[in-house]
Amino acid sequence: MKYLKQATLILLISFAGEVLNVVLPLPIPASVYGMVILLVCLCTGLVRVGQVKETAGFLIEIMPVMFIPAAVGLTDAWPSLQPVLVPVTLTMVLTTVLVMAVTGWVTQGVIHKEKGAKK
2 MKYLKQATLI
12 LLISFAGEVL
22 NVVLPLPIPA
32 SVYGMVILLV
42 CLCTGLVRVG
52 QVKETAGFLI
62 EIMPVMFIPA
72 AVGLTDAWPS
82 LQPVLVPVTL
92 TMVLTTVLVM
102 AVTGWVTQGV
112 IHKEKGAKK
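All you need for this note's numbering is the position in the sequence shown, starting with 1, plus 1.
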C-alpha cells in the first residue's frame with residue numbers, strides 16, 4: 002500500500018505539471034514543470050522525502066529501460082540521421098563531456114562548501 006501511495010503522489014505532481022504545461026504558454030516540457038513542483042514541495046516540506054523515496058528509487062533504477070523505445074525509434078529515422086551523423090555524434094560527445102565536467106565542479110564546490118561550513 003505504501004508504494005501505491007507514493008506512486009499516486011508522484012503521478013499527481015506529474016499531472017499538475019501537465020496542467021501547467023497546458024495553461025502556461027511557455028516552451029517548457031510538462032515533465033520539467035512536474036520536477037520543479039516536486040522540488041518546491043520537497044524544499045518547503047509539503048512533501049517529505051520518505052513519502053516518495055522508495056517509488057522514486059524504483060523509477061530511477063528502471064530509467065535506462067525507458068530509453069529503449071527512443072533508441073529503437075532512431076533506427077526508423079536512419080535515412081534522415083545518416084547525413085548529419087558526424088555533427089550529431091560530435092555534439093553529443095562534447096555536450097556529454099561538458100555536462101559531466103560541470104556536474105563534477107558543482108559537486109566538488111558543494112562538498113567543499115559543506116566541509117567549510119562544518120568547521
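Some clues are possibly wrong.
[Claimed, not checked] No farther apart than 30 Å at their CA atoms in a straight line, the calculated lysine-lysine pairs in the DSS-like style are these: (1) Lys-114 / Lys-54; (2) Lys-116 / Lys-54; (3) Lys-6 / Lys-54; (4) Lys-3 / Lys-54.
Honestly, the hints are just simulated from the structure, not real lab data.
Right, here's what the structure says about each hint:
no.	hint	verdict
1	Lys-114 / Lys-54	holds, 26 Å
2	Lys-116 / Lys-54	holds, 26 Å
3	Lys-6 / Lys-54	holds, 11 Å
4	Lys-3 / Lys-54	holds, 10 Å
In terms of the numbered hints stated before, the structure departs from none.
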